[in-house]
Structure formats: C-alpha cells, structure tokens
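Please arrange chain B on chain A, whose structure you already have, making use of the hints.
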Amino acid sequence: MLKFIIRRLLVIFPMVLLVITLTWALIRLAPGNFYSQPKALPPAVEKNIRAKYGLDKPWYVQYGKTMWQILGGDFGFSRQYPEQTVNEILARSLPVSATIGLVAYLIALVTGLFFGTLAALRQNSALDYSSMAAAMLGISIPNFVLGPILVLLFALTLYWLPAARWDWLVEFGPFPWLKYLLWGVFILLVAGIAVFSIYRIMRRRSSPDRLVEDRSAEGVSSWAVTIVGFLIGTAVLVGLGFMFMKSANWGPSGVAMPVIALVLVIIAVGVGYWLAGRSHSVVLESLVYGIIAAAVPPLLALLIRMLSGLFQLTAQVGPFGIPRLRYILLPAITLAAVYMAYIARLTRAGMLEVLRKDYIRTARAKGLKERDVIIRHALRGGILPVVSYTGPALAFLVGGTVVVERIFALPGLGNYLINAALNRDEPLLLGITAFISTIILLFNLLVDIAYAYIDPRIRYS
Amino acid sequence: MMTVRTKQLELVALLLALAVISAACSASAKNEPYFGKVQPPEGQTLRYITGAEPQTLDPQYMTGQPESRIAAAIFDGLVEYTEENMKPRPSLATNWDVNDDGTIWTFHLRKDAKWTDGAPLNANDFVYSWRRAVSPEFAAPYASLMYVVKFAEPYNNNSAFVRDPQTGKYATEGDLERAGTNGPVSFTGAEPERFDKAPADGAKAKEKYFFVPADADDRGKLVNGDPAKNKPGKPELARFLQGKEFVNVAKENVGVRALDDYTFQVTLEAPTAYFVKLLYHQFFRAVPRQAIEKWGDQQWVKPSHIITSGAFKVEEWSPYEKIVLVRNPAFWDNANTKLDRIIFPATEQLTTAMNLYKSGEIDCTQSNEVPPPWRNQMKETKKDYKYGPYLQIEYLAINTKIPPMNDVRVRRALNLAINRQIIADQAPGRQPLTAFTPKMDEYQNAEGEGYNPDLARKLLAEAGFPNGKGFPEIEQLYNTAESNKQTMELVQAMLKKELNIKVELTNVEWRVYLEKTRSTKMEFKGLARRGWIGDYVDPNTFLDLMTTASANNGTGWADAKYDQMLLTANAETNNEKRMQMLRDAESYMLKQQPVIPLFVGPSSFMCKPYVKNLVPNLLDQHDWRGVYIDHNITAESLGVADLGWRSRFFGFLNR
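Respectively, the protein sequence lines represent chains A and B. For any residue, its number in the numbering used here is found by taking its place in the first sequence, counting from 1, and adding 1293. For any residue, its number in the numbering used here is found by taking its place in the second sequence, counting from 1, and adding 14.
If we strip away everything but chain A, and leave its shape as in the complex, we get (with noise of 0.2 Å):
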C-alpha cells in the first residue's frame, strides 16, 4: 500500500509540470496581450512594458525563468494585479472556493445518499420514480439557471438570503487570542470525537464475530446515541448561535460565540447520555437516525469554515474571519444540485446491484433488522461508484467553479482562473492550473486508497 502511494505521488510530480508547460504554451498562442486596452499603447510605451516584464526575450529563455521560478514554489506577481503575487491570491480565494465546495458536496452527498438508498429500496414505486425523474431535472437544468433562479425567489421575492457576494465574520473583541484559543478547543474536542467514533466502527469492523450482531451488548448502541446527541446538539445549537450572534448584539460575538459552543457541547453530551439510557425502540433509533443525515452538513459546514478561517490565519492576508453562513447557501445549493442528482442516481443503481447478492440473502436470513442490512452490509458496496465519483467531483468543486462564483460575484478561485485566461495573465494562470491539477491527481489517489479501505476485495500491491 505504502508503495503504491509513494509511486502515485512521485508521478504527481511531472504530470503538474507538463500541464504548467502546455498551459503556458497555450497561452502563448492566443492572441492579444494581457497590456492591451481600449486605449492603445504607444508603441514607445509597450516596448517598456515588454522589456519590463522580460517579454523581449527569446521564448526558451522566458520558459526557463518561469519554470526555475515555479520550481522554487514561487508563481511570481500577477499580471493583471500587479501589487498581488500569485501565492497571495491562490491562498485568499482558496478557502471561499473550497468552503463553498465542501458544502456543495456534503448536502449533494448526505441527500443524493439518502434519495438514492431510499428508491433502490422501493423499486419501481412512485417514491422511485419521483425521485429519479428530480434527479434528471438536477442534472438536466444547468447552474447558470439554478442559480438566477434560487436567487430570485430567495433573495429578490422573499428577501431572505442576500443576491450574491461574500464576507468573512471579522470581529475582534477585546481578547482576540481568547477566540482562537477556544476556537482551537473547540476543533480538538470535535476531532477527539469524530477519531473515536472512527475508531468504534474499525475496531467493529474487525472483530472476528461481527456476522453474529450482538444487540444485547451495552456499550455500541448507547455510544451511537450518544456521539449522535453530541453532533445535533453542537450543529445546531453552534449554528442558531452564527445566526443569532449579530442580531443579538450580544457583546463582542467574536469572544461569545465559541464560549456559547463550549455550554452548548456541554448540554448536548448530557443530552445525549439522557438519550442513551432509554429503550432502544424502533421509533426513537429512526429518528435519532433520520436526524444525523441533516446535522452532518452544518457541523461539517462549520468545521470548514473554522478550518478556512486558520486557513486564512496562517496564510497572512485578507482579513482572518470566518465566511458567514448567509452567504453560502444559495451558491453552495445551486452547485449541489447537479451533483446531488448524480449521486442519487449512482447510488440507486449500485445498490439496486448489491441488494441482489447473495451475502444480503444471508444478512436477512440470518435475522438481522432491515436497518442494520441496508447501513452494514448493502450501503458498502453500494456507494463504490458514488467512491469513485467523489474524486474529480470534488477535486472540481473545491478548485472553483466558474459560473457559479460569477453568478453571485464570489471572490474565489474560478472567478480568477476565468479572468487570468481572459486577460492572458500568464503567471496567475499558470498558478491556478498547476494547483488545480495538483488536487485533482490527489484527489484520485485519495479515492483510491479509500477504495482499499472499502472494498475488501481490492489490494494494491
């Protein structure tokens, strides 16, 4: 395994460097220069641009000093935006590309999941049907409507969400160490959870008597319940606590939100331990079920944006702060549906496949509750090609998207990447497309060691 990933990353390595030299080629060959403007130069004028950015050179000589300079991780300034070097505008738009996209995703992953599991397991029933055929509506109707759309109805009728744009919650109270301390906390008691929840199911997973379910057994169920109460309590709770923080006007929000988070963890482990004494009905265990699907997109929605915001801390420019939430609904829903309809439909057909194998057979057969068939045993090996799909999918929605970022004037890594090609912006180009492919080839060796992980039947050796 370990071989396998190290020869994946080597060859990383050159793939990046001949795109970041077809992409330079290319955009010697378009015509136009990135000086030229309504108002033309003189020529006296354009011959000390040219010389000043080194373009009187021959073109071997310009080629070697870009790639001497790339291979020092340096992409140089910016054309277009000459006081901006490259690195400073690929590490500011990043965290709003890739805060918009993690979201996308995850409301594109826990719905088409959910949608899809739900009409393999109704087949050929109206359920079925009506979700299929939204689905085909999903992919079918592309974002550049969606967006004007939602927009329109949320933003331009009823007034709810802003029309467009972006801003980071940039409030200093009169400690402003205080919030990143508690901030860190906050970050280390959720990833202390979410490891031990991982732990929990590997440690399930491997136990050699894992056919026979063990329903009596204490711990696993009230643990589940517990972890669970925890995340609805903390997403949203943490979450009422954004909304509510300014219009409260509750003392120095950048201070009191993370203290509200800590109580609210607080509360909601009890809560959760209240959960876990009860009976294990049928009723409570769905819902408690049917609630995690909807409180894993704003828990995750705040972790990236806690994560964007140190992010924003440790790359030293704009403004540290965190992307306020108003903001990235509707982009982030008008980006999710195409790929929501997606996964739905790849999740139906993949579990339409797995729900006839034989060891489904025997997982029934042997008595096991039809819930604990479908989570188990089925949704495994069903949800392989949504696996597959997740590394381009998201590979492409963090790196940004164009249409919807200009849709609603976001200042993220499409929007610049559009623009660079439009204004021949050579460096911020290069930039741009050598990091984008950098997480797209990552992203692919990520699927595929989670494939290992997943499916039992694949080894790389």
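Since the hints were derived computationally from the structure, they do not count as laboratory data. Keep in mind that a hint or two might mislead.
Taking lysine-lysine and the BS3-like style, the derived pairs with C-alpha atoms no more than 30 Å apart in a straight line are [to be verified]:
hint : chain 1 : residue 1 : chain 2 : residue 2
1    : A       : Lys1332   : B       : Lys291
2    : A       : Lys1340   : B       : Lys415
3    : A       : Lys1340   : B       : Lys539
4    : B       : Lys530    : A       : Lys1345
5    : A       : Lys1332   : B       : Lys453
6    : B       : Lys243    : A       : Lys1340
7    : B       : Lys539    : B       : Lys243
8    : A       : Lys1332   : B       : Lys575
9    : B       : Lys415    : B       : Lys510
10   : B       : Lys415    : B       : Lys539
11   : B       : Lys511    : A       : Lys1332
12   : A       : Lys1345   : B       : Lys235
13   : B       : Lys415    : B       : Lys499
14   : B       : Lys316    : A       : Lys1332
15   : B       : Lys245    : A       : Lys1340
16   : B       : Lys415    : B       : Lys535
17   : B       : Lys352    : A       : Lys1332
18   : B       : Lys243    : A       : Lys1358
19   : B       : Lys291    : B       : Lys128
20   : B       : Lys336    : B       : Lys397
21   : A       : Lys1345   : B       : Lys243
22   : A       : Lys1358   : A       : Lys1345
23   : B       : Lys258    : B       : Lys222
24   : B       : Lys235    : B       : Lys222
25   : B       : Lys211    : B       : Lys235
26   : B       : Lys291    : B       : Lys101
27   : B       : Lys575    : B       : Lys248
28   : B       : Lys626    : B       : Lys352
29   : B       : Lys511    : A       : Lys1340
30   : B       : Lys575    : B       : Lys222
31   : A       : Lys1340   : B       : Lys258
32   : B       : Lys539    : B       : Lys575
33   : A       : Lys1340   : B       : Lys535
34   : B       : Lys516    : B       : Lys415
35   : B       : Lys125    : A       : Lys1340
36   : B       : Lys245    : A       : Lys1350
37   : B       : Lys101    : B       : Lys626
38   : A       : Lys1340   : B       : Lys222
39   : B       : Lys415    : B       : Lys511
40   : B       : Lys516    : B       : Lys530
Positioned in the frame of chain A, the structure of chain B alone reads:
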C-alpha cells in the same frame, strides 16, 4: 418507518409550496416606482458598484474607469470634478497662472494639505509623481496622456539628444532638414533645459530637438533598417550622426519644477489650451514618494502600506470582494465631506449587480451597469433609473488601406446608408451621431453626413459598383457582447438593404479584438466596431484619435493637414476661436469619412432615491465629497411598499 419519512417529505413539499405562493404574492412589487428595496443604510455609508475588481490603486498605473473613481476619492487632485458639469474646480491648487503663449503653467498649492501619514503634500511631491508617470522603467500604460509636458515623450520613449562634441550644440529637426542627403551638418540647438535648476535665461532652442533611440541597437535599426520587421532604414542619418555624442533624456529634462514648496510649475511642449481639463484625471494626481520608495512600485498600494491624500482613505481591500474607504479626518476639506464610508463591492456580472441593487445591498451603480435589454422598461417604470449625456461614442472604423474602402466615395456611401435613428432607438438616452464628437457645452460639433440612401447608391455606382455589383464581401469585426451584436446586425441589414453589399459579421473575444484592431495591425477586411469614452471634457479627447501619431487611430487614414489643424487649434488661447478651429478640423476629417459614426451613449445607472448629489454626468465620475445619504427618505416617506419587512422578520437568517 416508511410513513414517518413520507410525512417528512410532505412537510418539505408543503414548505416549498408556501415559499412559492408567498413569492407569487409579492410579485405585485412590479408596479412599484422604485426598483427593489428602499431602505437607507445605517449612517453616512454609500455602497457603490464601480464595476470589476480594480486592477490596482496606483493612480498612475490604473487604466480603467472603475479604479479611477476610487482614485478620485483617495487622492486629491490639483483640480477636482464638479458633479453636475465636470468643470475643473480648484482643490489642491488654489489658483494658477498661465504665461502669454500658454506653455508655462504655474500652480499655487494650498499649504494645509497632508498625506495620511502626516507629511505635508507639496510641489516636490508633484515633481516626483509626474516624473514617475513618464519614467520608462515604470512603464505606465497611460504615459502618453502626459506627452503634452515638455520632453515627457522622449524621456518615456528612452530617447537621446544628439550632441556635437566639438561645438557642444544639440541637433534639431531643422538641422536634419538642412543637412538633407549632402548639405552641411551643423547643429544649432542650445543645451536642453533641465528643470531641476532655476530657469536660465539666454538662448533657448527655437526649433524642436531631434531625438534618436538611446539604445545603440535600436539606433542601428533606425539607420540601417530592421529586416525582421520589414522596415526600411534611413541611410542619410548615418552621416548626420557620425562622430556625435548621445545624451539620454533624463528625468530632470521633464518639464516639471517646484519653484518653492508650494508652487508647482509645468512647462509644456506646445501651447495646450485644454491642459487644465486634463488635471483631474487620476494620472496627474500626486503619489506618495515615501511609501513608493519604501515598499516599491507595486507593493505600496497594499492597504497596510498605502498613503493617500484625499477626502477618504483605504480601510480594507479584499480583492474580488470589496474596497472600503473611510473618511480621512485630517483632510483639509474634511468639514465639507459628508460621507463617512464608501464601500465598493466588486462584481463583473451586470445581472448580479442588479440583484444586489434590488435586494438593497447596494445604493448606486456605475454607468451602463443596467443590462441593455432592461433599459427601455426601466426608463418607463422606475424612477431610480437615471440617465443623461455621456462622453461615449460608438462608431465603425473603416480599414482605408484596402480596396475598395480606399475610395472616399465608397466610404461615404457606407456612411450614408446607415439609418442611425433606428440604432439609437434600441436603448433610452442614445443620440444618433453623424459627427465624431458628442455635443459639449462650449462646442458645437461638426455636422457630417446623415442617412441618405439615394446619394449612397449614386456614390457607390460612381465608384464602380452599381447596386453593389462586384463589391467584394467585407468583414465587420466586433468584440463579443450582446449589445454589440444587436448594433452590428442592424448595420449589416442596412448595408444589405440600401447598397446590396454583403457583410460578414465576425465576433471575437475582447483581447483578440484589441489585438486585431490595433493601428499597427488592422487585421480586419472592412469595418471594425469602436467605442471611445472621453478622458476629459474637451473635443480634443476625441479628435486626437484620428491623428497620424495616435495609437488609437485604427483606420489607416492619416492626413498631415488634419494633424496641423489640431495643433494650431490647441495652441489657440481664445476659447471661442479654438472651438471653431476644432470644428473645422472635425468637418475636414469627416469629409474623408475614415469612420462611420453611430451614436452617443448615455450615462445611465441605478441610484436609490435617498442618495443625494450623485447625478449622471459627462464622464461618469463623481465628486465624492458632496455625496450624502438622506435618511428622511424611506419607503414610508415615499409611500411605496416596504419590501424590507421580510428581511427584518427573517433577520436571523441574514446573520
């Protein structure tokens, strides 16, 4: 289990249905006299869409209108815009004198002007800034705007004077003429003036100096020709330059001088009547030497480094997001500045800008931000759609180098076949144009020839193409945009209908279009769409386009007589006489019809009723100091539907 889920789905469906019904109910807002929400922002804050993300905040490097508006707010000019009529009014310069022949301008600066770091802003800052503006190393794209200043052009061109080491005299253009191919080579020019020294009286060269490229290679190419570019050399120069010294034009040669700390003197190349009208252009504003020398030519504009001098200063610049300016309390005219804050959100999409305007997230937009297909309806139904005259012309450049367009009869025929009224009617405020300049207060533009299809057919027949027979298919080039397409298709149809000429439309992407229409390339077989927005309120900003030296000529038409007419007119100090001379020059040019004028565009934008002192004007520039928010004007006071209630009711969503 199943029933629970189905019920949940029903609930979602119900909620969605409710949202749609609620949306449909408020569709009645269509009949409102204002577009979207009318709800003044808290405090004296203006949110203004100035267009795309600004390239830079360096006033001497920027070229676009979006950034120039920001520059006008943060850098104080010698003179400033007057909101209504765009006349220059004193700002940093309290008053100024001109010498008799109009070549030396002396500006008296106010003594209480400061940079935001507390340093005084004085004449030395202007000397530094203007030298930087034309420095070849800095390579400012707009450098040519300052070529009216003495020796600015040769300095920017990297040129050198030619000096005779024996006599110490310098070569003039007259000397070259007299030398010819075998005349005597003797230089007559005195030492060129240096403006770091006090003005020396004594012999000044009456004739223009002769310049050669400072670079030896380039000089060689000038004499021997450049085979790579297929340029012939000037072998007669070899004898003229034999054994001479080349003295580079230095920054001290550029005609700017600080007589004392608060007196700034500019010496011009030739008398230039419109000089003071140039001065509010951002290119002529002072830049902070202390910041530029500390952080470098590019980095000094970062929000943490920038030092400014205007009524507002930069608080935040988040690229592709927004620029926030706040009041500069140390500004000398702070008492008359009304806004506390200006926010410029960046957006490139017209519809996005309109969405933001409608939802009340911005207060005003720049001109032409309303998508063209909306304009007629906006004009009829909305009171906050503002429009007025604008110095923007649209025309077609004719490639006069290729037949049959090298025949003036053909060019006139093409021009006479266009019914401009139809094109102008496509959007409100457009005025059909037969001349090359819009009408201005003091200037009555030339008449030109209008729609006359009979004469057009007659001229075309005279040129050898009766009823378009034998006329080659020509191309009509334009840059891709919906509004351009409409205009171009109308022209195509008119030429077909009136003259039976087949025109092929070619649309290309912006940068390709710029490359193809350049004066030095002219890669279009026929006509090319051109638009021009004036830099200052004077006919010269348009008429100068058609001179031989202009990089924006783009027609291949060049006429020494026209060049001379403009030069003489601009040297004329009597305004009335000068305007008449410019009009004559315009008529002279139009008689040869190198262009087909189409229309004058209006300045048209959206602006909420509570924003005061921000009106449509000729340059779409604004005097930010005077603008303010009138909080007495609300939806309630205007008696219109208060669309804000939902956002207040669902306020939690907006946090």
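For each hint, the structure was consulted:
Pair hint A/Lys1332 plus B/Lys291 holds up; C-alpha atoms about 19 Å apart against a cutoff of 30 Å. This hinted pair checks out: A/Lys1340 and B/Lys415 have alpha carbons roughly 25 Å apart, not beyond 30 Å. At most 30 Å may separate the alpha-carbon atoms for a hinted pair to count; A/Lys1340 and B/Lys539 meet this at roughly 27 Å. With a C-alpha separation of about 24 Å, the suggested pair B/Lys530 and A/Lys1345 falls inside the 30 Å cut-off, and the hint holds.
This hinted pair checks out: A/Lys1332 and B/Lys453 have alpha carbons roughly 22 Å apart, not beyond 30 Å. This hinted pair checks out: B/Lys243 and A/Lys1340 have alpha carbons roughly 14 Å apart, not beyond 30 Å. Taken as a hint, the B/Lys539 and B/Lys243 pair is honoured in the structure, with Cα atoms around 22 Å apart against an allowance of 30 Å. Using a Cα cut-off of 30 Å, the hinted pair A/Lys1332 and B/Lys575 holds, with the two alpha carbons roughly 24 Å apart.
Between the alpha carbons of B/Lys415 and B/Lys510 the distance comes to roughly 23 Å, so the proposed pair stays at or under 30 Å and holds. Pair hint B/Lys415 plus B/Lys539 holds up; C-alpha atoms about 9 Å apart against a cutoff of 30 Å. Distance check on the hinted pair: B/Lys511 and A/Lys1332 sit about 34 Å apart at the alpha-carbon level, beyond 30 Å; violated. Restraint check for A/Lys1345 and B/Lys235: satisfied, since their Cα atoms lie roughly 21 Å apart, inside the 30 Å limit.
Note on B/Lys415 and B/Lys499: the hinted pairing holds, with a Cα-Cα distance of about 25 Å set against a maximum of 30 Å. A hinted pair counts as satisfied when its Cα atoms are at most 30 Å apart, and B/Lys316 with A/Lys1332 qualifies at roughly 26 Å. Taking the CA atoms of B/Lys245 and A/Lys1340, the gap is about 17 Å. The hint holds against a cut of 30 Å. Taking the CA atoms of B/Lys415 and B/Lys535, the gap is about 11 Å. The hint holds against a cut of 30 Å.
Restraint check for B/Lys352 and A/Lys1332: the C-alpha separation of about 34 Å exceeds 30 Å, so the hint is violated. For the hint linking B/Lys243 to A/Lys1358, the alpha-carbon distance of about 26 Å falls within 30 Å, and the restraint holds. Taking the CA atoms of B/Lys291 and B/Lys128, the gap is near 24 Å; set against the 30 Å cutoff, the hint holds. Among the hinted pairs, B/Lys336 with B/Lys397 is consistent with the structure: their alpha-carbon atoms are about 27 Å apart, no more than 30 Å.
Straight-line distance between C-alpha atoms of A/Lys1345 and B/Lys243 comes to about 21 Å, which keeps the hinted pair within the 30 Å bound. For the hint pairing A/Lys1358 with A/Lys1345, the CA-to-CA distance comes to about 14 Å; that is within 30 Å, so the pair holds. A hinted pair counts as satisfied when its Cα atoms are at most 30 Å apart, and B/Lys258 with B/Lys222 qualifies at roughly 18 Å. This hinted pair checks out: B/Lys235 and B/Lys222 have alpha carbons roughly 23 Å apart, not beyond 30 Å.
For the proposed pair B/Lys211 and B/Lys235, the alpha carbon gap of about 35 Å is over 30 Å, so the pair is violated. With a C-alpha separation of about 8 Å, the suggested pairing of B/Lys291 with B/Lys101 holds against the 30 Å cut-off. With a C-alpha separation of about 24 Å, the suggested pairing of B/Lys575 with B/Lys248 holds against the 30 Å cut-off. A distance of roughly 10 Å separates the Cα atoms of B/Lys626 and B/Lys352; the hinted pair therefore holds under the 30 Å criterion.
Between B/Lys511 and A/Lys1340, the direct Cα distance comes to roughly 45 Å. Violation of the 30 Å bound is thereby established for this hinted pair. In summary, the hint linking B/Lys575 to B/Lys222 is supported, as the alpha carbons are separated by about 19 Å, within the 30 Å threshold. A hinted pair counts as satisfied when its Cα atoms are at most 30 Å apart, and A/Lys1340 with B/Lys258 qualifies at roughly 26 Å. Taking the CA atoms of B/Lys539 and B/Lys575, the gap is about 27 Å. The hint holds against a cut of 30 Å.
For a cut-off of 30 Å, the pair hint linking A/Lys1340 to B/Lys535 stands: about 16 Å separates their Cα positions. Proposed proximity of B/Lys516 and B/Lys415 is supported: the alpha carbons are some 19 Å apart, at most 30 Å. The hinted pair formed by B/Lys125 and A/Lys1340 fails the criterion: a straight-line CA distance of about 40 Å is larger than 30 Å. Distance restraint check for B/Lys245 and A/Lys1350: the Cα-Cα separation of roughly 21 Å lies within the 30 Å cut-off, and the hinted pair is therefore satisfied.
Simply put, B/Lys101 and B/Lys626 have alpha-carbon atoms about 19 Å apart, close enough for the 30 Å limit, and the pair holds. Proposed proximity of A/Lys1340 and B/Lys222 is supported: the alpha carbons are some 24 Å apart, at most 30 Å. Of the pairs offered as hints, the one joining B/Lys415 and B/Lys511 holds, with about 25 Å between alpha carbons and a cut-off of 30 Å not exceeded. For a cut-off of 30 Å, the pair hint linking B/Lys516 to B/Lys530 stands: about 21 Å separates their Cα positions.
Checked against the numbered hints given earlier, this structure breaks hints 11, 17, 25, 29 and 35; the rest are met.
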